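A.B. asks: These are the residues of each chain, in order.
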Amino acid sequence: MEDRFKYGVSLYSFTEDFGSVMSIEEGFDHIADTGATGIEILGETHVTGYPTPDKAWLDRWFGLLDRTGLEPTNMCSWVDTKLRLGQSLSVDEGAAELVRDLTLAHQLGFKFLRPKFGVISADLVPDPIWAPAVERVLDLAHKLDIVICPEIHSPTPINHPVVHGYIDFIERTGTKNFALLIDTGIFQDRPLKSWVHEVPEGDSDHAKLINGMKVNPEELVGIAPYIAFIQAKFHHIDDNLHDENIPWEKVIPVLKRIGYTGYLSSEYEGVREPWVAIDQVRRQHVLLRRLEAACDAVPA
Amino acid sequence: MEDRFKYGVSLYSFTEDFGSVMSIEEGFDHIADTGATGIEILGETHVTGYPTPDKAWLDRWFGLLDRTGLEPTNMCSWVDTKLRLGQSLSVDEGAAELVRDLTLAHQLGFKFLRPKFGVISADLVPDPIWAPAVERVLDLAHKLDIVICPEIHSPTPINHPVVHGYIDFIERTGTKNFALLIDTGIFQDRPLKSWVHEVPEGDSDHAKLINGMKVNPEELVGIAPYIAFIQAKFHHIDDNLHDENIPWEKVIPVLKRIGYTGYLSSEYEGVREPWVAIDQVRRQHVLLRRLEAACDAVPA
Amino acid sequence: MYEFQLIQSTGFRNHGPEGARDGVEIRLRLPNYRGMRLSLLDGIDVTLDGEFFSHEVTSLIVGGRMYDLAAMRDATTVRWAMGEHASVFVPKPGGLLPGIHHVKVAARVRSPYFPPHLQPLPVHAERLATIVLP
Amino acid sequence: MYEFQLIQSTGFRNHGPEGARDGVEIRLRLPNYRGMRLSLLDGIDVTLDGEFFSHEVTSLIVGGRMYDLAAMRDATTVRWAMGEHASVFVPKPGGLLPGIHHVKVAARVRSPYFPPHLQPLPVHAERLATIVLP
Ligand SMILES: [Mn+2]
Ligand SMILES: [Mn+2]
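Chains as they are written, first to last, in the numbering used here: chain A, 105 to 404; chain B, 105 to 404; chain C, 17 to 150; chain D, 17 to 150.
Do not take every clue at face value.
[Said to hold, decoys possible] Listed next, with one range per pair, are the computed distances between beta-carbon atoms: (1) A/K318 to B/W161: 54 to 64 Å; (2) D/P33 to C/G99: 32 to 42 Å; (3) C/G79 to A/K297: 35 to 45 Å.
[Said to hold, decoys possible] Interface residues of chain C toward chain A, partial, derived using beta-carbon atoms under 10 Å: (4) M17; (5) Q21; (6) P109; (7) P114; (8) R124; (9) V125; (10) I147.
Keep in mind the hints are simulated off the structure, nothing from the lab. The structure presented is a predicted model; accordingly, all values stated were derived computationally and were not measured. For every residue, glycine included, the Cβ atom is placed at its ideal position computed from N, Cα and C.
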């Protein structure tokens, strides 16, 4: 039992639902009914009154955790380095954004915080303030027992200077409160069939984002000690329970092999229609649990 | 000003929205933003805790009336004469259903109550308990200042024994608390293009319901003194502000001519899709207000 | 809030103790535009992956209580309110395997204001839905 | 709750005192999947029945206050929260006649985690919408 994955769902999966056909109560119910044990959120999306929810909302939050038995896993946040036109955030300001979200994440019971830093280049190199800003809040993160996780997300692959930079930071500081979050979108190896995205056609990354980066899941082996959390990004699972884009049959055995026992937190990102994600997430959980059971059935 | 129609909207219009994409708060907002002054509801649909809503719901209800300035117009109810298989309601039981709804309607501030009685024949003759049951509650209706309104609804036309029966009842009892509600669906004179309805194809009334009953609006003249309320039923208003089914350009002048100054309460009943009714109701209000203004502009 | 479809995605699950499932639950939104007393619902036919279960053998779970057809017909004072979920219980020993299943229901609604020959009038729905846990 | 579309049906109306309308209001849902500080919204372009109004002349009404482009760029501490409506104010003396109008908007969102050449990235929407009152 202890060497099994934990299953979770991010409310991000319900982006096309939340606010127009779904409130947080239903979100909890949909997640709990999958048998998942963890809930992931976006602070700025799912916390009414962010970053300082009032008592009524906090009561609602803890009531929902209590009723469903779900545990808070990861809270997503942003460090908006380009908050102002023409002037980037200072290290102080970047650290303040992290303090704001560490505080809220801790208040709500989260164990992981994913801050998304602004970038400075077409290949998504994060603003260099990321390192000193994070370093400044490591003590606080330690005190609050939260692991800060940058997200390794398409079009950034595993073998990339940005990821090397994160690993160097971990090695240099020796911290236990900074680690990698893997978004499984990097393993996408077949094109998206129906997708509307914020990146305009003709952009250099467009083809990469549509067709997939095809990162080899074996590359997880090299960064295994640094992986703290996995967002199980997916786009469409068909009526035969076949994922059209993410090669789970390759990803899951590697995760078992490296002994990963953290969360697989569903991140559905498909057609822009309401009432699609709920069943897609259920399909994904069947598929992932089947693959895990198949791995567990083979003697090591 | 005093010889103008009053404009209202029934929450029934939002049947495809209510409960899955709309709660009562949004319903009030959508109605108020049309410039309407009245809100109509279905008791069993829109009153949480029907028939005895709790204090929290009542506070919400009166808060919404207050915030939007809307007044309660008509509450729709049902007398389920066939509540039991094989045994119809007695007069006593029918009267009790009316007492239940008169009480609630009054509590919520409504001035009209539309009870829909069960029927005993293919041409929708109401269960004969209707007359003694209503007669038994006329004093209560008087005391509560509520007019009980049977609904004249397709496929029952104006010139029909059922309507004659209602008028005879009014004349015989001399009551001011029983009068006719006209559903403008009876004037439909062109076929519905897209419609899913509870009546199965091949049923004797199917063609009538699809193609329209084509009641001549002039027939309103003969029953003018008995009309208390109008549900402005419609199905589709196109992008050129043209109603595809209801001949408003004939209906409105007759209503002006007979001096009707009560409510036109929108009842949208179109495609079974969410987020359609909100704009359809707005279109109808533009169309109805234009036709009324045109009538008012002609010297009498 | 309800999912828009009659047959809800969430709440489709096996029923009874794990390892000794006695059937399947299918969660529904109210199959009517108004709240209704249970005696106006004359049972629900269900077809699961082609296997038919008549309204005479299925039950309805509403407000935490289970009503078979006879109990439903007697329930003249119990309401299935607008906004409230209910689940059809389908007796199927062992339940269903995790995976995608074809689910079809016909909720037999009696509307007294409809002509007598249209009683009950089934409200139909079908879809693929997913059982997650065994 | 929001209507699903970016441009809401309700809240499309004339602005200013009746008889002396100074413009039009178009109600929007949040044009982003996360709440955002106003300074990340670099104005909103609007086209009404073919007439173009640049983000340099429209304003945003949020939380009861009106922000022109300069005020928006300064508003680094004001949030347009998820679930909150806001309205674009389009300066158009006299407003629009009651009726159906063609409405197009481009909300210019700056997402710092997107590459610099994609700033701002307009979120587009267009539809027919109805002004009820003159
Ligand atoms: Mn992700
Ligand atoms: Mn009607």
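A.B. asks: Hints first: check each against the structure and report whether it holds.
C.D. replies: Hint-by-hint comparison with the structure:
A C-beta distance of roughly 55 Å is found between A/K318 and B/W161, which places it inside the suggested range of 54 to 64 Å. Our hint of 32 to 42 Å for D/P33 and C/G99 holds, since their Cβ atoms are close to 40 Å apart. About 43 Å separates the C-beta atoms of C/G79 and A/K297, a value consistent with the hinted range of 35 to 45 Å. Hint status for C/M17 relative to chain A: holds, with the closest Cβ pair at about 6 Å, below 10 Å.
Taken as an interface hint, C/Q21 checks out: its beta carbon lies about 7 Å from the nearest beta carbon of chain A, inside 10 Å. Taking 10 Å as the C-beta contact cut-off toward chain A, the hint placing C/P109 at the interface is violated, the least distance being around 21 Å. For C/P114, the interface hint holds, since its Cβ comes within 10 Å of a Cβ in chain A; the closest pair sits about 5 Å apart. With a cut of 10 Å, the hint placing C/R124 at the interface with chain A is violated, because the nearest CB-to-CB distance is about 25 Å.
Taking 10 Å as the C-beta contact cut-off toward chain A, the hint placing C/V125 at the interface is violated, the least distance being around 23 Å. Nearest Cβ of chain A to the Cβ of C/I147: about 8 Å, under the 10 Å cut. The hint holds.
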